[in-house]
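S.K.: Taking the working numbering, the leading residue of the sequence shown gets 1, the next gets one more, and so forth.
Be aware that one or more of the hints could be misleading.
In silico lysine-lysine, DSS-like type, Cα no more than 30 Å apart, as pairs [claimed, not checked]:
no.: 1; residue 1: 74; residue 2: 105
no.: 2; residue 1: 70; residue 2: 107
no.: 3; residue 1: 105; residue 2: 55
no.: 4; residue 1: 105; residue 2: 70
Think of the hints as simulated: they come from the structure by calculation, not from any bench.
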Amino acid sequence: EEELEEREAQFRGIFESTSDAVLIFDFDGTIVEANPAACRIYGYTYEELVGLSGKDIVHPDYCYLFEDYKRQVKASGRFSAQSVDLRQDGTPINVEVHGASFSYKGKPHLLAAVRDVTERAQARQALEQRVEERTRELQTLLDVTAAASSSLELDEMLSAALDCLVALVGASRAGVMLLDSDSGKLEPRMLRPEQPIAADDLAAITPACHAVIAGGEPLYVPPDPEKGFLEPGALLPLRVRGQALGILVIIGPQGSTFSEGHLALFESIADQLGVAVENARLYEQAEQAAVVAERSRLARDLHDAVTQTLFSASLIAEVLPRIWERHPDEGRRRLGELRELTRGALAEMRTLLLELRPSALVDAALSDLLRQLAESITGRARVPVSVEVEGECALPPEVKVALYRIAQEALNNVAKHAGAGQAAVSLHYIPPACGGDRGGAVELRVSDDGRGFDPQSVPPESLGLGIMRERAEAIGAALNVDSEVGHGTQVVVVWKDTGGEEQP
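Generate the whole structure from the sequences, applying the supplied hints.
M.R.: Pasting the structure below:
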């Protein structure tokens, strides 16, 4: 009996001192005993707590667990679960419950040890929320980066990136101001939504923008109704390799604030936009350089071909009257030569204009393009070039352009390298075998009677052969170059209309 009393005293000591709630229920689920921790956790006095049903302290959505608790403890003597209980004031608390069978005052009862894990649950929820926010921020950064990488055209890229930024971040306004490297002025380049910045607003933020560019650090302006700032704002420098390119301006909706996560995200977006702006500018510079190079090439071609042809024509025209007086037959021959020169110069000029207006290649008939090309070569190289066209067929634009370019390269070789007395171009349209819309073919043949060459000793990239093969492969055509020293050269291209299927 003394041993029993000692055990009861030990239990009572643990019962009273533990920080977890300990409740004893009868088999009906009524609380018959509670420790001080239970009163503290649930917000009841001892007298208020004892006598309540277990369902009185369990959240309605979790009452089914209390029934499971009674059933399992009666059946197996054990129970464990996560649940939500209620304090006396209705505040929910997250709890971890462990149940066991228990003898109380000589009768079987149900014991429940309840631990308040609300802080742990809140910490877990906060962590999950932060992970979700971080995931959303990374997705936003990915989407804005993808939008910024969608185009190398500066305005198109900025438009896509700002649209994405406004939609994903919830900004009321956003814009990019770029620094003019010559004047040092900041100019609005792209705004969302599209609306001009008022002169007063622009004047108000310009000093702050220049300060951000000079310091290289972002500036955040929290809402301050007393100063008239009803919206949060952010000014972030766009920089690449330490060079200032401009400013990213982000304005949040009224009543909102920018969190630390927002600010970190904005800085990452500004970094990405800085790289995208630099890439777009480099692309513009490359395009401009390509335009200048192309203009220089056209100028050289104009000088080499048209100018020299017209100079020769002017010399003939100058002496033609005197020749005609003395030798009419020679005069008539020179007149024919003058006519060929002027026609060739006109054709050469038209050919050069095609380079300035590529759409004209698509609009014109291939037969007309080949005749014009032949006339220009005749005038430039004094090599007669005949053109023969058999049949008629509407070709896809890319096929027409490729065949024209191959003929152009082949005839340029005739003019520069062949030493030919004459050349010929033939275009043969082969209709479909069964009279349908598909299955036809086109054969382009360019031949000359010049000096020829040994195909085995000439590198594939020489004489423009590599370029011609690439153009033929691009449209699925077959190219064959047949040449022999002293017996001229023949270039044959065959394109078959397979209706979109790849040719073998």
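S.K.: All hints are to be evaluated individually against the structure, with a verdict given for each.
M.R.: Do the hints match the structure? See the list:
| no. | hint | result |
| --- | --- | --- |
| 1 | 74 to 105 | 17 Å, holds |
| 2 | 70 to 107 | 16 Å, holds |
| 3 | 105 to 55 | 23 Å, holds |
| 4 | 105 to 70 | 19 Å, holds |
The structure shown violates none of the earlier numbered hints.
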